[in-house]
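K.L.:
Sequence:
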Amino acid sequence: MQVYIMRHGEAEGFIGHNFHSDSDRPLTTQGQLEAQLMTNWLTKMNIHFNHIFVSPFVRAQQTCAQVLKNININAITLDFITPEGSAKQLHDFIDGLSPNNVEVPEQALLIVSHMPLVSYLVAELTQGEHAPIFATAGVAQIDYDTQSMRGEFVRMISPHDL
1 MQVYIMRHGE AEGFIGHNFH SDSDRPLTTQ GQLEAQLMTN WLTKMNIHFN
51 HIFVSPFVRA QQTCAQVLKN ININAITLDF ITPEGSAKQL HDFIDGLSPN
101 NVEVPEQALL IVSHMPLVSY LVAELTQGEH APIFATAGVA QIDYDTQSMR
151 GEFVRMISPH DL
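Residue numbers for the sequence shown follow this note's numbering, so the first one is 1 and each next one is one higher.
It is worth saying that the hints were derived from the structure and are not from the lab.
Worth double-checking, as some hints may not be accurate.
Simulated restraints, written as ranges between beta carbons of each label pair [stated by the list, open to error]:
{"id": "1", "residue 1": "Ile15", "residue 2": "Asp92", "range": "35 to 41 Å"}
{"id": "2", "residue 1": "Asp145", "residue 2": "Ser23", "range": "19 to 25 Å"}
{"id": "3", "residue 1": "Ile15", "residue 2": "Asn70", "range": "30 to 36 Å"}
{"id": "4", "residue 1": "Ile73", "residue 2": "Ser148", "range": "23 to 29 Å"}
{"id": "5", "residue 1": "His20", "residue 2": "Arg150", "range": "36 to 42 Å"}
{"id": "6", "residue 1": "Arg150", "residue 2": "Ala65", "range": "28 to 34 Å"}
{"id": "7", "residue 1": "Gly128", "residue 2": "Lys44", "range": "42 to 48 Å"}
Values in this document were obtained by computation on a predicted structure and should not be read as measured data.
Where is the CB? At the ideal position from N, CA and C, for every residue including glycine.
Throw the hints in and build the complete structure from the sequences for me.
P.N.:
And the structure:
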């Protein structure tokens, strides 16, 4: 299974804004552009996602909305994939997607969330071999073996690479 882990695009800061909480912060114009660049890259890579999971925070929802413009699938909002979410819980959730740990090589999923969770998740899936710092709208690809429940880091792409 291919697991793509995406950080949201650049978000508005608290200074000069009156957000009720961190979860209300929207994308900046730059963040929208970053999300669109990465959406174009994902489309060009011709990835057929079986599942897309997204944080409930506004900036992640907006990033995911860009991706969904080019993909005919519904995203599922998961309340536990916020910045303070548990990488172990998300790892267990991913393992639960493949019944009886049956390997489905063509399966691909996308997770749209936040730092530090996205970095911790890469470390969790690769057993600590990689814990990259994500640029805004950056995407990491993990080749995940559902039988061994371990992944191999494939690559990291950010808008600055495109």
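K.L.:
Is the gap between the beta carbons of Arg150 and Ala65 within 28 to 34 Å?
P.N.:
32 Å, holds
K.L.:
Does the Cβ distance between Asp145 and Ser23 fall inside 19 to 25 Å?
P.N.:
The hint (19 to 25 Å, Cβ to Cβ) is violated, given that Asp145 and Ser23 are roughly 34 Å apart.
K.L.:
Evaluate the given range 23 to 29 Å for the C-beta pair formed by Ile73 and Ser148.
P.N.:
27 Å, holds
K.L.:
If I claimed the Cβ atoms of Ile15 and Asn70 lie 30 to 36 Å apart, would that claim hold in this structure?
P.N.:
33 Å, holds
K.L.:
Please test the hint of 42 to 48 Å on the beta carbon pair from Gly128 and Lys44.
P.N.:
31 Å, violated
K.L.:
Please test the hint of 35 to 41 Å on the beta carbon pair from Ile15 and Asp92.
P.N.:
37 Å, holds
K.L.:
Does the hinted range 36 to 42 Å hold for His20 and Arg150 at CB?
P.N.:
40 Å, holds
Violated hints, in rising order: 2, 7; the structure is consistent with all others.
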